[in-house]
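Letter by letter, the chains look like this.
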Amino acid sequence: MINLQDMRDTARNMLAKNEVRGVIGYRRSTNGMLAEPVVITKPEQADELIWDPTCFHNLSLYLVEDRKFLAHTRAKADLPIAIIAKGCDARSTVVLMQENYFERKDVYIIGVSCEGTGVLDERKLVKKGIRATNSAFDGDDFVFTTEQGEQRIPAREVMADRCLECRECFPKEHNIVLGEDKTGRQLDAPFTALKRFEELDPAARWEFWDHQFERCIRCFACRSVCPMCYCDECIVDSTSFPVTGQTTADEKANRVKWIERSATRAENMTYHMTRVLHLAGRCIDCNECERVCPVNIPLRLLNNKMEREAREQFGYEPGASIGGPSLTASFLDTDPGKFIR
Amino acid sequence: MSDNIYLPELARITHIKEEIGGERSIKTYRVEPVEGAAFEHECGQCAMLSLFGRGEMMISIASSPLIKEYKQFSIMRVGRVSAAFHELEVGEVVGIRGPYGNSFPLDDWRGKNLVFIGGGVGLAPIWPLITTALAQRADFNNITVFYGARSASDLMYKAELDHMRSNADIQLSVDKAEPGWKEFCGFVPANVLDKKPSPDNTIAITCGPPIMIKFVIQNLQKLGFADEQIYTTIENKMKCGLGKCGRCNVGKDYVCTKGPVYSWAQLKELPEEY
Amino acid sequence: MEKILAKNKLDDWVAALSDWQVSAPIMEDDIWSYKASKGKVQLEHSNTVQPPKGFSFPQREVFFSFEQIKGQPPRLTPIQPKAARHAVFGVRPCDGAGAVRMDTVFNDQFQDNYYQARRSNVAYVGLACNKPQGINCFCQSVGGSPVSSQGMDVLMTDLGDRYYVAAVTETGKALMTAGGKVFGEPSADDKKKLKQTHADALAQPQRAINNVDAVPAKLKASFDSPLWEELARACIGCGACTFLCPTCHCFDINDENTSSSPLRGNRVRTWDNCQFPDFTMHTSGHNPRENQGARLRQRVNHKFQYFHENFGMSQCTGCGRCITECSVGVDIVNVVNKVTEHVG
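Chains as they are written, first to last, in my numbering: chain A, 1 to 341; chain B, 342 to 615; chain C, 616 to 959.
Because the hints were derived from the structure by calculation, they are not lab data. You can take every hint at face value.
Capping the alpha-carbon separation at 20 Å, the derived lysine-lysine pairs in PhoX-like fashion look like this:
| hint | chain 1 | residue 1 | chain 2 | residue 2 |
| --- | --- | --- | --- | --- |
| 1 | B | K536 | B | K555 |
| 2 | B | K609 | C | K833 |
| 3 | B | K599 | C | K835 |
| 4 | B | K555 | B | K609 |
| 5 | B | K593 | C | K835 |
| 6 | C | K806 | C | K618 |
| 7 | C | K624 | C | K788 |
| 8 | A | K252 | B | K368 |
| 9 | B | K358 | B | K368 |
| 10 | B | K578 | A | K252 |
| 11 | B | K609 | C | K835 |
| 12 | C | K808 | C | K618 |
| 13 | C | K833 | B | K593 |
| 14 | A | K105 | A | K172 |
So the derived list for chain C, only partly shown, Cβ under 10 Å to chain B, looks like this:
| hint | residue |
| --- | --- |
| 15 | Q724 |
| 16 | N728 |
| 17 | Y730 |
| 18 | D867 |
| 19 | N869 |
| 20 | N872 |
| 21 | S875 |
| 22 | G880 |
| 23 | R884 |
| 24 | D893 |
| 25 | N925 |
Glycine included, each C-beta is placed from N, C-alpha and C at the ideal position.
Using the sequences provided together with the hints, build the complete structure.
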């Protein structure tokens, strides 16, 4: 079990000793029982930090935001920034470093082990008809506070799918770590949900995605929440082309419009297909994209498909090590297919 | 057509003049309706120009309301639509809808001195005002036009300005000294401070890059102009021109309907969101 | 016109509306959304994820198509929205109030006939909220009520085994008249029960915006508050809050080409969102709202200050969707309270 006091003390001490600029963590939101991301910069804010089953956000997104902010304001950071990172969050931090988005010394990773319980899937809880005002980890259970009193539920019943299939709930890359290493305590085989889906015949799968993409409203929450979607310029919206005083009229005029703004099925499909391809070998299955989708498009199936292809074809594991090769920028002599030689 | 607020009318380009060359060139276009009469407008109003297949852009109308047969627009080549506009030739047909926004209260200014202060392409939005005032010259006292650009080759409406010299005090400037330039060298606000127009019974109207406007207003205040004597016209990104698409607001005002013309007394009450 | 409808007669009423397309909240893909009813209407929904604003303001609207053969003038063909009569059941009072705000925007100064063509064919059959639909409801803080008939054509109230059905507009009367004998006359007891139900609904606790009458002025005074930046720190700049808002009306207009030679395409309106960084970016690259704090301020001030100054009402109707659906905890009630509490 993670002792919340340890987390708070760690953050407080580091801020007090001026070892980090800030700590990216979780605090209680004003929206019911949920946690929300926060960046604390003063030691006295350390007591705001929390750790409970609603800490599902992948905070490495805020490392990207921090980088962008520094670049935009042309500020120089003398100190690293600290981040509370679960196993999956640490892996995405590794991918970002692999891609040189920032350096290892820029980040202080306060690892938190999920110890095999993972985090909550709010929708599963809603389906059980439970309206809770608080949640807590307790061994293999989640404990919820409801109007009817305390309700204890085995974590695996309401745990996020990705956590059920998680192979690495322990943040291997860390400066310090809280909680025990319970790697190997995976509850479902990897790609269980994907396998189930692939049992459908191609026509049924097509119909399925047709239906899913039909209702995408292109709010871009999936893209905005993804730490890997850090591009300044994204092909899906012609307008987010980063224009500066130096951008020439020609550059603006000749910009290719790949995707229309209309949220029609074909355009939506192009958007999601493009995104998933750009995530191949980079997505570490934090599944934030699916969680934040207001219309419940099961984006994890797409990401998982890419992940499994990379694993089966190339033995590739995203976010394994900072110095390791990236999927699309490296090749092996043993790679299947001859086109590369 | 009139009940469809988004449907442009077709207009033919009858005249094109290149004011300034280069990558960010400026061209002046005259357009006439393909059918019927053009809409009426007032000084300071804008219109949405369409290039079908490319999109729309909001441009201030640069011709005097006294001219009924055509409307004039001076367009700098800066973006997707304007760059494509620059490829057009005389005779081609574009879309136009408008007029949009409020206008300068020229009628209230009769009998007064007018000081116009423009920079770069910012001369275009106040050009209808200048030309209308000059066409009704007897209604106004002294008329002064300050106008400056980076260099002499960046000055637009050069010939027209020269023609005006008999009727108005024309004060041109370039940012940096260059061979053959005999008038003021330096930024427009500095030229204003140098020539010291009197605030007595005077209205000053300025348009140009935001930074220029800022210093012009400061210098006018130094010369004793009250906030109510200073007018400017502002711009923001626009899509509809009708106060509905929701992006051009400065505080509670949509610039496309409540603006673009503001006295400094009005504008300083609004947040600086432009 | 006020009637009683037994719950098991609801489908008979719907069946009687043969001149109308009927939509109602349906649970599909684990979310409530308005769908064609297919003859069965069950009103046991909590509020839908998407408000009904799309019935009159769809995410995509084609204004006109254009065609241009080289050397010839372009030909424009305006597209009129298909105007089938549409009855939407189960609309909650916050969304009815939302329709009033949308009507205000699209009819102010210049009438938007695309909006109006759809709107005039949509009838809202509302359902009062006997209990708040979620933990983030705050309609009573923004001039609304869980039993309000604002924006509705009919307002239904759940009285257990029956609905109390009241016409609000002439269209509403027509809808009820079409139902004919499926309705009964309300008894004195029904009326008493209605009164009690509404009183109970109004007494249900909700979230609250503090000192709401002072909010517009206080926001005006807080424009330069450093809190905006701080409160937007977690914001990821997506469009969930605005796209799901019953009153957000901002849009973009683009040309979507279907052929380049001859040039063919459509001029299309699509929803847009003030939280996207490029929403206000000038062609020059200058952006009057450069950071997420300024963009959060715009969303909040538009709802609680600017709309109030322009139209004398809050644009926010307190449905709570932007709170519930925000993935990182940006909470408009909290933001308004936090920003305004520091102003005297």
